[in-house]
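J.: Those sequence lines, one after another, are chains A and B. Residues 1 to 302, numbered by my numbering, are exactly what the first sequence covers, in order. Residues 303 to 621, numbered by my numbering, are exactly what the second sequence covers, in order.
By construction, these hints were calculated from the structure, which means they are not laboratory data. Please note that a few of the clues may not be correct.
Unchecked claim - With a cut-off of at most 27 Å between alpha-carbon atoms, the simulated BS3-like pairs for lysine-lysine come out as follows:
1. K327/B / K127/A
2. K188/A / K327/B
3. K81/A / K69/A
4. K327/B / K69/A
5. K462/B / K211/A
6. K85/A / K266/A
7. K188/A / K211/A
8. K81/A / K266/A
9. K127/A / K211/A
10. K462/B / K266/A
11. K188/A / K127/A
Unchecked claim - A short list of chain A residues far from chain B (calculated; beta carbon distances all over 10 Å):
12. T79
13. M100
14. I212
15. N248
Claimed, not checked - Quick partial rundown of chain B residues pointing at chain A, CB under 8 Å, derived from the structure:
16. S428
17. W447
18. G578
19. I580
All C-beta atoms in this analysis are idealised placements derived from N, C-alpha and C, irrespective of residue type, glycine included.
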Amino acid sequence: MTDHALQTKAPAASQNDDSDGMSYLESLPRRLVTLYLPLFIILVVLLFPFYWMGLTSIKPDEQLIDMEKYNPFWVVHPTFKHISKLLFETQYPRWLWNTMYVAVGATTLSIAASVLAAYAIVRLRFKGAEAVGVLIFFAYLVPPSILFIPLASVIQAYGLFDSPLSLILVYPTLLIPFSTWLLMGYFKTIPYELEECALIDGASRWQILTKIVVPLAVPGLISAFIFSFTLCWNEFIYALTFLQSTPNKTVPVAIVNEFVDGDIYKWGSLMAGALVGSLPLVILYAFFVEHYVSAMTGAVKE
Amino acid sequence: MTTLQTSAPAQAPTAYTPSLWARLKVNRNWMAVWFMLPAAAFLILFLAYPLGLGVWMSFTDERIGRTGVFVGLENYQWLWDDSIFWLSVFNTLLYTIVASAIKFVIGLYLALLLNRHMPFKAIIRSIVLIPFIVPTVLSAIAFWWIYDSQFSIISWSLIKMGLIDHNINFLGDANMARGSVIFANIWRGVPFVAITLLAGLQTVSPSLYEAATLDGATNWQRFRFITYPILTPIIAVVMTFSVLFTFTDFQLVWALTRGGPVNATHLMATLSYQRGIISGRLGEGAAIATAMIPFLAAAIAISWFGMQRRKWQQGSNND
Numbered sequence: 001m002t003d004h005a006l007q008t009k010a011p012a013a014s015q016n017d018d019s020d021g022m023s024y025l026e027s028l029p030r031r032l033v034t035l036y037l038p039l040f041i042i043l044v045v046l047l048f049p050f051y052w053m054g055l056t057s058i059k060p061d062e063q064l065i066d067m068e069k070y071n072p073f074w075v076v077h078p079t080f081k082h083i084s085k086l087l088f089e090t091q092y093p094r095w096l097w098n099t100m101y102v103a104v105g106a107t108t109l110s111i112a113a114s115v116l117a118a119y120a121i122v123r124l125r126f127k128g129a130e131a132v133g134v135l136i137f138f139a140y141l142v143p144p145s146i147l148f149i150p151l152a153s154v155i156q157a158y159g160l161f162d163s164p165l166s167l168i169l170v171y172p173t174l175l176i177p178f179s180t181w182l183l184m185g186y187f188k189t190i191p192y193e194l195e196e197c198a199l200i201d202g203a204s205r206w207q208i209l210t211k212i213v214v215p216l217a218v219p220g221l222i223s224a225f226i227f228s229f230t231l232c233w234n235e236f237i238y239a240l241t242f243l244q245s246t247p248n249k250t251v252p253v254a255i256v257n258e259f260v261d262g263d264i265y266k267w268g269s270l271m272a273g274a275l276v277g278s279l280p281l282v283i284l285y286a287f288f289v290e291h292y293v294s295a296m297t298g299a300v301k302e
Numbered sequence: 303m304t305t306l307q308t309s310a311p312a313q314a315p316t317a318y319t320p321s322l323w324a325r326l327k328v329n330r331n332w333m334a335v336w337f338m339l340p341a342a343a344f345l346i347l348f349l350a351y352p353l354g355l356g357v358w359m360s361f362t363d364e365r366i367g368r369t370g371v372f373v374g375l376e377n378y379q380w381l382w383d384d385s386i387f388w389l390s391v392f393n394t395l396l397y398t399i400v401a402s403a404i405k406f407v408i409g410l411y412l413a414l415l416l417n418r419h420m421p422f423k424a425i426i427r428s429i430v431l432i433p434f435i436v437p438t439v440l441s442a443i444a445f446w447w448i449y450d451s452q453f454s455i456i457s458w459s460l461i462k463m464g465l466i467d468h469n470i471n472f473l474g475d476a477n478m479a480r481g482s483v484i485f486a487n488i489w490r491g492v493p494f495v496a497i498t499l500l501a502g503l504q505t506v507s508p509s510l511y512e513a514a515t516l517d518g519a520t521n522w523q524r525f526r527f528i529t530y531p532i533l534t535p536i537i538a539v540v541m542t543f544s545v546l547f548t549f550t551d552f553q554l555v556w557a558l559t560r561g562g563p564v565n566a567t568h569l570m571a572t573l574s575y576q577r578g579i580i581s582g583r584l585g586e587g588a589a590i591a592t593a594m595i596p597f598l599a600a601a602i603a604i605s606w607f608g609m610q611r612r613k614w615q616q617g618s619n620n621d
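So that you can see chain B by itself, here it is in the shape it has in the complex (with noise of 0.2 Å):
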């Protein structure tokens, strides 16, 4: 085509060669250049460099308003003999395995739920999903009120049905804060997980349920041999999509503890902003943050190795 179209204005029969200038001009890779350049910009300037810069300044003491020198490993030293920063190394890891998993068996649930015939079908599916789309700290907020140590909803019905004869200090004790904060995180993940989910449910054909009734299949034996296998990619990415953004979660537990109390409740990325925007110690806080990338590049590693293999599996060559 590009051929074509050089040749094009050449319509005396006389060779024509056409000038650089013309021929650089239908270059694609030219061309390419020009239509790469905005999101590269952005991309090269605000995330590969930062991604750089960060590595860079965990091995520095860089300060808020001073520029740090080289010290090598010391800020990783100082990290791996400090309680608070396994603590919430700790955290991080119970917060994504808990969340994550729990996410992914009611997500599917409730996915497995609306694929069902029913009323009103369109107008649930949309309501499901609204948690997702309020921003987090706003409905965080919400559950802050929900949690308060005082005029908690769920003690004042817990105290009337009964059940408890005080209220409970839902973000004041370790534990409690921990399992407040992660049924927050689920509240807001499985509107994500079951959405994404029910897309994939619904290029399940149902004649495939109709052949295996008729053979016999019970309920588990449908979802087991049909469901699941036809889901299995989907649910790959849409899970390694939940861990990533669970384990790099810094809004919820912000705006509920600020990572107390206690530091019960820290994650790495709050820990981060702690440590590096709060007291300034600018160099200590990228350390803690890419302590993070090694985690974040073996979740990545896991599912693309995962995909892979099924593509070889399925021998499927797609694009």
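Here chain A stands alone, though its shape is the one from the complex (with noise of 0.2 Å):
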């Protein structure tokens, strides 16, 4: 809403986003110093707790305790034991199963639902369409961790409590406002002679959308998807507020209440579960960086 001026200019800076500038005026050293080494070191930061988390899922126990005879920081006979516990002696594939289900469903719903509202909003330009987006910008302020308490209430009163299905019907809620208003970013951008021309020649609202407005929307779909799909992962408290027994958990939830046993060589399976836990999503992720990085900027462009 606010940032229409920065977004057409995108394209062009995004052109000579590859010339060097002036750049070449920098000499080597001065440029080792000022970025490659600042870079680096973050870089390091970012990324140690995922090397130690791969590392740790591959080591046997006795070099996770024994840090002297051993270089923590490497691993001498890797084995693949906690990683075969992790998915042949625990629940883990049910409950990768249960976070994947909700995921797909929540966000399948949410998606279908922001594409009529986005729709609605943009192109009916029914009364009072503007304070119903603002409304929808609000709706994505509210923060879960003021809403678990009663909506476990709700939830418990629905009968749905413990099971995934509530989740189902409780995460459209973070993504709704966000997708609704991704999607309403992209919808202003087809034209709306396009539609014009589609009502002249006497098609309904519903055909518009379905044959038009979705085709032409297709990477902001996949944005928005990608995106809701990783809140869903990522989602916790109420996954731990509204699942009670351990076959219906989802892995994060799982992971913290299933693991903790006081056992100081859980930290191998431990780690092999943060580890699968995490792949699903960054394979998604290298598949889709540019649309997932749009959809972060739009959403806080819009």
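Could you fit the two chains together into a complex? Lean on the hints.
T.: Shown next as structure tokens:
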């Protein structure tokens, strides 16, 4: 809403993004100190926890707790014991499945609702459309931490307690405001003339939406989908509150609650659990980096 | 357009008045109701209603398994005299202010670094965002292991370097625990700030810098008088989100310390969970959660009015 000017300028700027600018004026030693060194340090700090996670999950137990005999930064005889224990002796696959089921369900519902809402706000221009847009923006700012207690009693009243279905119904409250705002931005860029032509040819609003607007907004839909999916996977407090029995839990909740048994040998399987739980998202991210970044920056710019 | 369409079936020259139903079918407001219905249903049932219910519950003595009766401000009076509640308010403010400020400084610095020309720029930019992609709880678990009291890799490295002679008790000591939790939060938040600010930086035309350099501007002047003013609106939005999400954070603290040691890291959100769900005093938990609302409203109001003022200054009427 506020930064239309920025958005229109963006393509022009990205074109000369690869130009050197004035960087040829800098000498190599200077670049080393002002650019590569700080960047390297920040990257090492940002990535070290993942290295540590991966390393711990393939380290044999005795190397984990004996830091004198073995250098802790490396592994001598890597083992897949922790990962196989995780996959075959715990309910981890079940938790992964729950998380996936909840994330896909909630994301699909939210995107469908958001497409309809965003189209109505941007193109139907009904009475009060702007006010509804602002209300939806405020809904985005309501955090789960102030809602989980009343929601727990709502969920209890609907008889959905301890069911993944409760999460599928509740997560859209986090996802719809975000996706609606993102899609509103995309829909605004679709020329209105296309719709006018279709209207004159006798298309209904529904046909316009499904045959013209949605196909043209596919990049936006992918962005919204990826970002929503990640949010679902990340969500913790609702899952922690609503799910009680072990087989129904999602990965983040199960990791925090089921592995903590005071055993000093727990670390291998704990790290393996964290690693395996993160991988699907990292792989998804690797394929859709651009969409992900545009979702994140798009939501902020609107 | 709507009028065009309604008259379309009226091919016969005789006066044709569309039925009420036909007119209703193409009425924008009527269609909009149906288009908005799914989103509105979710947001009203699971967001607006619980928000109101939460405020109501904070005035009752509801417990798990028992409906409460109205007790007025009793929960709030109880909290007012509760030192642990005030400790959690202090912790939340400390956590929010320190973490947000550092996230902003490092995030902006990282964005400026990433905006410069270098090999493998795209790959480096994508790697930076990974801490933000990975679920918070799972990276918190990695930090838990890094902060372990016996086998911490940080303690080990510092001992080997001869800087300290015993293991650091990262999560066992009140102030160390606060610092450790704040560090983990910064670690996760910096990529978000950096990548969103980078998107803003990319819209700044390089010719502005070239012109300023020809006029003899120093590095600092170029940042202060070109980069910063152009970036201000994005900074405002990003920092609002950052502050809101830090203030209401739950999962990082819950995974790392559960509010311990001796409540030293309890945030309002974790205390609310502790009292409301674990101890079962839903009314009291709801009161703590409701007490967060004024802080959130203040943060939103500040950034909202800030943006309005900017809009007015620049006279932009964009939509």
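J.: So, for every hint listed, does it hold in this structure?
T.: Hints, verified against the model:
1. K327/B / K127/A: Distance ~16 Å between K327/B and K127/A Cα, so the pair holds.
2. K188/A / K327/B: holds (24 Å)
3. K81/A / K69/A: holds (21 Å)
4. K327/B / K69/A: Judged against 27 Å, a Cα distance of about 78 Å means the pair is violated.
5. K462/B / K211/A: violated (66 Å)
6. K85/A / K266/A: holds (11 Å)
7. K188/A / K211/A: holds (16 Å)
8. K81/A / K266/A: Distance of about 12 Å is within 27 Å: holds.
9. K127/A / K211/A: holds (25 Å)
10. K462/B / K266/A: holds (25 Å)
11. K188/A / K127/A: holds (18 Å)
12. T79: At about 17 Å from chain B, T79/A clears the 10 Å cut-off, so the statement holds.
13. M100: holds (13 Å)
14. I212: holds (15 Å)
15. N248: holds (16 Å)
16. S428: holds (5 Å)
17. W447: With a minimum Cβ separation of about 6 Å from chain A (threshold 8 Å), the hint on W447/B holds.
18. G578: With a closest approach of 5 Å, the G578/B hint holds.
19. I580: violated (10 Å)
Comparing the model with each earlier hint shows violations of hints 4, 5, 19; every other hint is respected.
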